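Number of protein chains: 2
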Amino acid sequence: MSEPKLSSQDLEAQLVDLDGWTIEADKLHKQFKFPSFVEAFGFMSSLALVSEAIGHHPEWFNVYNRVTIDLTTHDSGGITLKDIEWARKANELA
Amino acid sequence: MSEPKLSSQDLEAQLVDLDGWTIEADKLHKQFKFPSFVEAFGFMSSLALVSEAIGHHPEWFNVYNRVTIDLTTHDSGGITLKDIEWARKANELA
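Residue numbers (our numbering), protein chains in the order written: chain X, 71 to 164; chain L, 71 to 164.
Careful, some of the hints might be misleading.
Copies of the same chain are indistinguishable here, so a pair counts whether it falls within one copy or spans any two.
DMTMM-like mimics (lysine to aspartate or glutamate), calculated; alpha carbons at most 25 Å apart, straight line [stated by the list, open to error]: (1) Lys103 <-> Asp145; (2) Lys97 <-> Glu155; (3) Lys103 <-> Asp80; (4) Lys100 <-> Glu129; (5) Lys75 <-> Glu109.
Since the hints were derived computationally from the structure, they do not count as laboratory data. Bear in mind that the values here come from a model prediction, so they are computed numbers and not experimental data.
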């Protein structure tokens, strides 16, 4: 069974604790900026391991020191607790 | 001095040998598809090392097993031999 999509209220409650993340086009969205490409790609590498471990993968864009991330749970048709968990992990690793 | 931007003729000549790459919005563009996220991110990791080694970085987007890449040389205001070199390396590594 797929993770249930969060209600607007539940999502807003989660966002309070999720520094820098916003909703854009129905996805959880954040841009991270680092001193250089090395740090930016190191961050992505750490999160690649996390993604495989929890079986949940981001949509992400990188150019030099910037990493732009969008999260959604395709099977559930929206944002779920899996996305929240991933976003929290990204904040810890940044 | 920055690498000179390639003329349309030189660029077309280079594209002949560059399997799968096209020009989109004045950038060298290609989408790669892999069996899974692990292979897709492994490909990106290899190219991250190449990018640091040659001092030239891509604009790239990844979602699960797909990696979409755009190349341009900002200092030169267009596509240069550095982008061609990077694209060739990507084809070798895919």
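A quick look at each hint next to the structure:
no. : hint              : in the structure
1   : Lys103 <-> Asp145 : between (30 Å within a copy, 21 Å between copies)
2   : Lys97 <-> Glu155  : within (14 Å within a copy, 35 Å between copies)
3   : Lys103 <-> Asp80  : neither (28 Å within a copy, 35 Å between copies)
4   : Lys100 <-> Glu129 : both (11 Å within a copy, 17 Å between copies)
5   : Lys75 <-> Glu109  : neither (33 Å within a copy, 29 Å between copies)
The structure fails hints 3, 5 (numbered hints given earlier, in ascending order).
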